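2 protein chains.
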Amino acid sequence: MEIKYAVIGTGAIGGYYGSRLAQHNKQVHFLLYSDFDHVKNNGLKIESCDGDFELNNPNIYNNVAHMPQCDVVLVALKTTQNEVLKDYLPQVTHSKSIVILIQNGLGVERDLTNWLPDLDVCGALAFIAATKIGKGLIKHLDLGRIMIGAYNFEKNELLQQVITDFNESGIPAKLSDDLQRARWEKLVWNIAFNGPTVVLNSLTDKLMENTSSRKMVYDLMLEVIKGAQAVGVAIDETYADKMMAMTDKMKPYAPSMKVDFDHKRAMEIRYIYTVPVEVAKASGYHMKKVEQIEEQLRFIAER
Amino acid sequence: MEIKYAVIGTGAIGGYYGSRLAQHNKQVHFLLYSDFDHVKNNGLKIESCDGDFELNNPNIYNNVAHMPQCDVVLVALKTTQNEVLKDYLPQVTHSKSIVILIQNGLGVERDLTNWLPDLDVCGALAFIAATKIGKGLIKHLDLGRIMIGAYNFEKNELLQQVITDFNESGIPAKLSDDLQRARWEKLVWNIAFNGPTVVLNSLTDKLMENTSSRKMVYDLMLEVIKGAQAVGVAIDETYADKMMAMTDKMKPYAPSMKVDFDHKRAMEIRYIYTVPVEVAKASGYHMKKVEQIEEQLRFIAER
Chain S
-18 MEIKYAVIGT GAIGGYYGSR LAQHNKQVHF LLYSDFDHVK NNGLKIESCD GDFELNNPNI
42 YNNVAHMPQC DVVLVALKTT QNEVLKDYLP QVTHSKSIVI LIQNGLGVER DLTNWLPDLD
102 VCGALAFIAA TKIGKGLIKH LDLGRIMIGA YNFEKNELLQ QVITDFNESG IPAKLSDDLQ
162 RARWEKLVWN IAFNGPTVVL NSLTDKLMEN TSSRKMVYDL MLEVIKGAQA VGVAIDETYA
222 DKMMAMTDKM KPYAPSMKVD FDHKRAMEIR YIYTVPVEVA KASGYHMKKV EQIEEQLRFI
282 AER
Chain P
-18 MEIKYAVIGT GAIGGYYGSR LAQHNKQVHF LLYSDFDHVK NNGLKIESCD GDFELNNPNI
42 YNNVAHMPQC DVVLVALKTT QNEVLKDYLP QVTHSKSIVI LIQNGLGVER DLTNWLPDLD
102 VCGALAFIAA TKIGKGLIKH LDLGRIMIGA YNFEKNELLQ QVITDFNESG IPAKLSDDLQ
162 RARWEKLVWN IAFNGPTVVL NSLTDKLMEN TSSRKMVYDL MLEVIKGAQA VGVAIDETYA
222 DKMMAMTDKM KPYAPSMKVD FDHKRAMEIR YIYTVPVEVA KASGYHMKKV EQIEEQLRFI
282 AER
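Protein chains in written order, with the working numbering: chain S, -18 to 284; chain P, -18 to 284.
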């Protein structure tokens, strides 16, 4: 079965995964806007730690209405743009399509299935360091694996085929049977560092070095773990210690929200902060310190 | 009885109150450092909303060892400098002296009586808008009343006389029988605005205008009120609403910690944040959001 893939959001993540698939002769249709003319003339280039490659003549579109109906839609937009999916997805899908949200945070699948209840939706977490460094030019620095979980349907042949296609294309991919756990686990780190690096205008290493901010970061992790436990996702508190140890070993790092803030782009506050706080609160646990970071971020964003 | 007053910390607050007393023929001895030569030559000038005045030849010292032993010592240092009191106070007091800490926050009296157990200590809260705008030059903008409470001794004739002296000198002064309540009440506003204006680099009006920061400020107030209740100081939650309404009416304002931060001076983190958090926690209430502001402030201060 040849799957038609669409990529909505051809940034670092969507561009990298889509290009890998196309490199291995999968049929991929990319939606792009600002880079359209450049890619039309120059193709898509990936500078990868696993070897550079390029797509000389990718299928690209600057209007979703011109795209074919695809079997699988990879959504790699910033979640701040998710509202456009209400309009885009009905145009690029058919009744059996699967939409895979390769996005951070909690609640993206919930919102999407509220907007478009008939859609088969997956969530996915990408463990990859990649950056778009120029028009049609993506730098893949490290890692690359992806974990995909069905949100509102039983995993089917098409989804199994996606996993196969990914792995055949040099992307280590796995199906997760517990998407919520995967999302909450990733939130532990994301909540502890994304907001605080913005609020305190700093990088991970500085927050780890200073006794007070280190305690704050650790407390945030513990709150997220307790929030997860409240909603029935049993993450052990030692997971926070693991994340601390991992971060101690990292080079100074700007989380995606800090990068967005520095580039004056919208920050993904809703799905990284607001929804997790709401969801945990609805299950009886108030993540107060997380909530306060959210409030500070919204002030900063709206200023 | 003629009382000898010492003023330790001749900034806006100490300078104003000391000068008022001296203006009304009380005997006042001022300790100053950087302004000493200027005041020696030019006196102390007060530009007051109640009428300007000056002291042409005040009793000034730049060495505490040269000061007389005084009956009443008004301490108006920033609390960040309180360690010097261990050394200074034994030199300017006698066995019957009263030391009045005109300072913000919680725990200043406790620390001082731990250091110097034989001292009769009062706390005081100044309700005044005053700024030192130049060498030997203080601008008194508004208000001026002071509330004094004995911390570790029974109120005596000397303390009554202080109240009389203050009132005779145009300073509305009252004895408080509940210093802890007065301190906690003032903390409600101080905690909600001092740290957040530093962390979010803003003024009171901006924090009140934005929905998210307004909620943060209000939540901080409620936490302080619950902290007060935990230690047995019954402040009603409607007090937070009163403080919000009051702040809504204020002109854009930089709390003292914001002013200190902007001038790269030490911030009074310990007595406005650390001690209140510790004290409430010891009584079973964890002021989590307040604690997080403290952690952020310490990071900012130590950066």
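Calculated from the structure, these hints are not laboratory results. All figures in this text were calculated on a predicted structure; none of them were measured in a lab. A hint or two may mislead.
Because identical chains cannot be distinguished in the list, a pair is counted as satisfied if it fits within a single copy or across any two copies.
Capping the alpha-carbon separation at 25 Å, the derived lysine to any residue pairs in SDA-like fashion look like this [stated by the list, open to error]:
1. LYS155 - MET189
2. LYS196 - VAL256
3. LYS245 - SER193
4. LYS21 - ARG284
Do the hints match the structure? See the list:
{"no.": "1", "hint": "LYS155 - MET189", "in the structure": "neither (32 Å within a copy, 48 Å between copies)"}
{"no.": "2", "hint": "LYS196 - VAL256", "in the structure": "both (24 Å within a copy, 17 Å between copies)"}
{"no.": "3", "hint": "LYS245 - SER193", "in the structure": "between (28 Å within a copy, 19 Å between copies)"}
{"no.": "4", "hint": "LYS21 - ARG284", "in the structure": "neither (38 Å within a copy, 47 Å between copies)"}
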